[in-house]
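S.K.: Given only the sequences and the hints, what does the whole structure look like? Please build it.
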Amino acid sequence: MQRLILVHIFLLITCVSYSQDDDAISIIDAIKDTVSGQKAQIDALNEFALKRVKTNKQLVEKVSEEALHLSQEIEYQEGEADAFYNIGYTCVFGPYPKAINNLTRAYDLYVSLKDTLSQANTLLSLALVYDGMEDVPKAIQTARTGLELAERIGHKKTISRAQTNISTFYHHVDNLDSALYHGRIALKLKEEIGDEFGTLLIRLNLGVIMANYDSLLDEGLVYLHAARKSTDEPYMTNDIVSNLAYAYARKKDFKMAQIYLDSAQLGTDSIANEYTERGLYRIAWEMYYELGNYEKALEYLQQEFELDKQLRGLEVQEKYEVLQLEYENEKNQNQILKLQNEQAETKFRYTIAVVLVFYFLLVAGLIYILMRFKVRNARLKEVELRNQLEQKNKELTSYALNFVQKNDLIANIRSQVNDLKSKADKDSIKDLNQINRIIDDSFRADKEWSNFKLRFEEVHTDFFQRLSDKYPDLSNAEVRLCALIKLNMNMKEASQVLGISPDSVKTARYRIRKKMDLPTDVNLTSVINSI
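As numbered in my numbering, residues 1 to 531 make up the sequence shown, in order.
Read the hints as simulated data drawn from the structure, not as lab findings. Being a predicted model, the structure only gives us computed values, none of them experimental. Built from N, CA and C at the ideal position, the CB exists for glycine as well. Mixed in with the good hints, there may be bad ones.
Unchecked claim - Taking CB as the label site, the calculated pair distances span: (1) Ser-504 <-> Gln-141: 29 to 39 Å; (2) Thr-520 <-> Phe-360: 31 to 41 Å; (3) Tyr-181 <-> Val-357: 56 to 66 Å.
To be verified - Here are the simulated DSS-like pairs of lysine-lysine, each with C-alpha atoms no more than 25 Å apart in a straight line: (4) Lys-98 <-> Lys-156; (5) Lys-492 <-> Lys-392; (6) Lys-229 <-> Lys-188; (7) Lys-138 <-> Lys-51; (8) Lys-394 <-> Lys-138; (9) Lys-381 <-> Lys-392; (10) Lys-453 <-> Lys-492; (11) Lys-492 <-> Lys-514; (12) Lys-309 <-> Lys-252; (13) Lys-156 <-> Lys-138; (14) Lys-255 <-> Lys-309; (15) Lys-453 <-> Lys-374; (16) Lys-515 <-> Lys-492; (17) Lys-394 <-> Lys-453; (18) Lys-252 <-> Lys-296; (19) Lys-392 <-> Lys-296; (20) Lys-406 <-> Lys-374; (21) Lys-229 <-> Lys-255; (22) Lys-252 <-> Lys-453; (23) Lys-506 <-> Lys-492; (24) Lys-506 <-> Lys-470; (25) Lys-251 <-> Lys-506; (26) Lys-251 <-> Lys-62; (27) Lys-421 <-> Lys-406; (28) Lys-338 <-> Lys-374; (29) Lys-406 <-> Lys-453; (30) Lys-309 <-> Lys-338; (31) Lys-492 <-> Lys-309; (32) Lys-62 <-> Lys-51; (33) Lys-156 <-> Lys-51; (34) Lys-39 <-> Lys-114; (35) Lys-157 <-> Lys-229; (36) Lys-406 <-> Lys-492; (37) Lys-62 <-> Lys-98; (38) Lys-57 <-> Lys-39.
M.R.: This is the structure in structure tokens:
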């Protein structure tokens, strides 16, 4: 992707003292003074930006923009493509519209240049953007295309990067087998090529994946500790320590979890990363809940909730900007098509025969454009409705999980009140009975389910009626599970909502299949989604 420039250029640049705008100007001037020839200067600017793309976003953008400007002046496609890539990569974790725009332009240029390696790396960076936007299927598809390109040319480093990304994406959709399969391939490749930082990353990824499964928890801790010993970099260290806290909390070793949690919180204060902070709040409230410290658990849960609202607002805004960008691109394409038609019309005015031919072509073209416009509008409408349905499903899922957590908390409080009654005097018992009545008023699972059912019917109209008409033998509990399956909840989430074990959920799903008389090759979720 980048052409090599003499090392002494960068030794000179590192001696320049800089502070944001001034440092970019100083670096650009230093490269121009040191390197002769415009293409060589552009290559040097792009290589400098690439080496710092993960450490100084503003500096990289300014240097890359200068490289882009110079490349466009002399029509130097290689330099232009590299500059677009560097700018896009700085935005991989947001803002997403800017990342997609620049990386897509870089990819198109690399295709025209037949630069297969750069095409592969650009697709892998785009896959990270789609993953950040929570479009995991698109992220996996894009990363697999990048993997195929890397395998075609046998580039092990890029192959290992693709395997790492695909492993992470499968973990995000709870596909454990695929996540571990691709992760172990990536680890083997990175160890073979001596990629220390890449080895660190994949150990961290494997540790995070395994920490979520009891049978692999100890192996996951081994990977996390190995990753911790491999780096002192603040961001990476804090990420690893946070996951160690989570893993030990899952292991019920709350003493070690508290040690790593305190260390991670100190690191987060110095780094100021909101996403890391949100993760720590979740680890903290889950741990304190397990310890029975419900006051602290509620405090951290509230902090996570507030920060989550703020971050989701930013994510929604960025997704809107991506859609706006795609809409503007389509408008530009239509405008180009219109200009081309006007030029064609001018050329065909010289003879009657050509005018008639053009007339019929224009009519056909207009009809075609109109039909495409209608189809495009219909697709946009479909996407909008699908997004609205997905958002409402997420709200329903969140509502269900929240009232389960609330009822669990209230149940624990009621248990503690009853314990106090056994030790209290008569006057205190009266007060405690009053508290119990208040708790009983709040602890109404049937009312919560009725509220959930009303919300559910707003999104999936007449679902329960159609389900009962088609399968009248289903019990109330089985109908509730069908509603949760309709929301795409996995067995773990459904067990939390219904207050039963995952194994019980699995058994209930089997009973439902039996009552529905479904063949073994028919998917239960597909059947319920079709109702």
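S.K.: May I ask which of the numbered hints given earlier this structure violates, with the numbers listed in increasing order?
M.R.: 2, 4, 7, 12, 14, 15, 19, 20, 22, 26, 30
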